[in-house]
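Peer 1: Please construct the entire structure, taking both the sequences and the accompanying hints into account.
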Amino acid sequence: MKTDVMTSQERLWAAIHLEQPDRVPLVPTLLPEPAAGLAGVSQATIASDNSEVVKAVFKVFDDYGGWDAIYPASYIPVQLQLGGVFPMKIKVPGQHIADDIPFQLEEVEILRLEDYDKIAEVGFDAFFNEDFLWRVTDVAPDEVRGHMDNLMIGGASFLEECANRDVQPLFLASGMHPFFKLSLMRSLVPFTQDIYYNPEPVERAIRRMTDDLLVEQKLSAINTGLGMWMCCEERAGGYFFRPEIFERFWWPYTKELVESQWSEGIVTLFHLDTCWDKNLHYFKELPKGSAILELDGTTDIFLAKEILGDHLCLKGDVPAALLAVGKPEEVTNYCRERIEKVGRGGGYILGTGCSVPPNAKPENFRAMIESVHQ
Amino acid sequence: MSNLDQLIEELKRDEALGEVELRLAGGESVTAILDDCRAGMARVGELFQEGEYFLADLILSAEIFKSAAALLEPHINPEQQQKALGKVLLATMRGDIHDLGKNILATLFRVHSFEVHDLGVNVEPEDLVQEVKDFQPDFVGISALITTSFESAKEATDQLEKEGLRDGIKILVGGAVTTPEVKTYLGADFQTHDATAGVAYCVNAMGGC
Chain P
851 MKTDVMTSQE RLWAAIHLEQ PDRVPLVPTL LPEPAAGLAG VSQATIASDN
901 SEVVKAVFKV FDDYGGWDAI YPASYIPVQL QLGGVFPMKI KVPGQHIADD
951 IPFQLEEVEI LRLEDYDKIA EVGFDAFFNE DFLWRVTDVA PDEVRGHMDN
1001 LMIGGASFLE ECANRDVQPL FLASGMHPFF KLSLMRSLVP FTQDIYYNPE
1051 PVERAIRRMT DDLLVEQKLS AINTGLGMWM CCEERAGGYF FRPEIFERFW
1101 WPYTKELVES QWSEGIVTLF HLDTCWDKNL HYFKELPKGS AILELDGTTD
1151 IFLAKEILGD HLCLKGDVPA ALLAVGKPEE VTNYCRERIE KVGRGGGYIL
1201 GTGCSVPPNA KPENFRAMIE SVHQ
Chain G
1092 MSNLDQLIEE LKRDEALGEV ELRLAGGESV TAILDDCRAG MARVGELFQE
1142 GEYFLADLIL SAEIFKSAAA LLEPHINPEQ QQKALGKVLL ATMRGDIHDL
1192 GKNILATLFR VHSFEVHDLG VNVEPEDLVQ EVKDFQPDFV GISALITTSF
1242 ESAKEATDQL EKEGLRDGIK ILVGGAVTTP EVKTYLGADF QTHDATAGVA
1292 YCVNAMGGC
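Going line by line, the protein sequences match chains P and G. Residue 1083 in the numbering used here sits at position 233 of the first sequence, and the numbers go up by one each step. Residue 1282 in the numbering used here sits at position 191 of the second sequence, and the numbers go up by one each step.
Worth flagging that the hints you see were computed from the coordinates, not collected in a lab. Treat the hints loosely; a few may be bogus.
[As the list claims (entries may be wrong)] Quick list of in silico lysine-lysine cross-link-like pairs, DSSO-like style, CA-CA up to 30 angstroms: (1) 1211(P) with 1253(G); (2) 1261(G) with 1103(G); (3) 1274(G) with 1191(P); (4) 1245(G) with 941(P); (5) 1211(P) with 1134(P); (6) 1274(G) with 1211(P); (7) 1245(G) with 1261(G); (8) 939(P) with 1245(G); (9) 905(P) with 941(P); (10) 1155(P) with 905(P); (11) 1224(G) with 1245(G); (12) 1155(P) with 1068(P); (13) 1155(P) with 1128(P); (14) 939(P) with 1253(G); (15) 1103(G) with 1177(P); (16) 1211(P) with 1138(P); (17) 1274(G) with 1245(G); (18) 1191(P) with 1138(P); (19) 1177(P) with 1134(P); (20) 941(P) with 968(P); (21) 1128(P) with 909(P); (22) 1211(P) with 1177(P); (23) 1274(G) with 1177(P); (24) 1261(G) with 1211(P); (25) 941(P) with 1157(G); (26) 941(P) with 1103(G); (27) 1128(P) with 1274(G); (28) 1105(P) with 1068(P); (29) 1174(G) with 1177(P); (30) 1178(G) with 1128(P); (31) 1177(P) with 1191(P); (32) 1068(P) with 1128(P); (33) 968(P) with 1103(G); (34) 1261(G) with 1177(P); (35) 1211(P) with 1157(G); (36) 1068(P) with 939(P); (37) 1274(G) with 1155(P); (38) 1138(P) with 1155(P).
Peer 2: Pasting the structure below:
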């Protein structure tokens, strides 16, 4: 077991700045659902009570010896639906599905073709709050305030627990990429048809949503003081779309977002699920050190190191399936290989592919945590 | 190559469906039109395998095929029904309500003349086992987007083994979170993230080409 000589923040930012830290930093994506699984709390409980979420997250953090920065996780699903983070119908354990099943997003066609231009005209927030939200939520208008107050209380409690342990949240500002958000709201098949057969309205909506994000996320990220914001995208890459689609509907807007944040010294953490092998070279166009690519195990992280290793930090990519059904020695080997090869010279944060799964085996999660100290 | 093949290959939805309607109105046989649709779909599959086409292209072609099949269906008489190449039972198991990948797969199986029975999402293990008894499929396709459905899938595959139903079928597992470890865990025969590879596996297993 090696002794740490850097603080967690020094280690994390050394990696982000492509410098060699004392060891590879560790930041697993521990959301409320896996925290429930590892803390022995039911999914129904974690989906209905912010204080239980915070308790579960920090119980796991303490039980497993901690790590270098914590994913913000103090919410319950309905609050993210009301806030437009999950702009779709949701299935909540204990309410719509059994108590032991984690909450899920229900992707159905709710956004209509004519809505793209409404978004372009009034902006996403106004469209969402005045119209779209009421197509997807079960919550009555007079209950919204109470939910959002609980979210604020949960957030304050989360920050207090972080301070008690001298650990920082990885980020507090985040946004779904407009392309991904529209795809979820419209659902994959109709959205794909729109992109091919009716692209102009989609483009107008993405333009407006990006303009809004440029202002909102910049302010939000500056206010957190953490120097980072997270941008989630699971569909724009080469697993789903041709390069010409990527180049027209995703990349120009993404560059604008990253460059705008970077002008204030803020790093963009990309949460990139699915395989991005065919898109990795585009990220060379971003300013050096301006972003982190969080990969999920389907993108070839060694290829990413080869292409981007001297340019952007990489994060990931222990697959959820490995943590759920693998053996501890398999997890250790998987992590050690990445620590040695991707971590060489800096620019790497060990993390999970997408999220820690709700049914992660405790011994596998521990093996991942311990791998950075070996 | 006929015009209809080409239109489907180029993902020209409105033109392709217009061509189907035109040929139907001209009294052409449903079988011939369907064969051309399948030829177009086969070409899309080849381009996908070659890396020229992407999942989005596969989705669009599958939607065109579905719409074309819907236009043709009222005109099919029982004598024209092709014999199914094989029977496929599909399910997303308990703990997972996602069905996008499974729905794409179902269409691709139909394109290749398989009889498909789709149990839907959040399927209980005992329901899958019962359906294997009733439907007697050649293949069981289990789709997963989140890992929590692995346990119910495992219950189902164990039960199939226990009841002596496993030998006669091939089990496929697919979806974004699946890996070779999941195949081993479930005792499945095939694992993939690629719907066309899953269909090709079944076509080969039935001695097709």
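Peer 1: Return the numbers of the hints above that this structure violates; sort them in rising order.
Peer 2: Checked against the structure, the hints that fail are numbers 2, 5, 10, 14, 15, 16, 19, 21, 26, 29, 30, 35, while the rest are satisfied.
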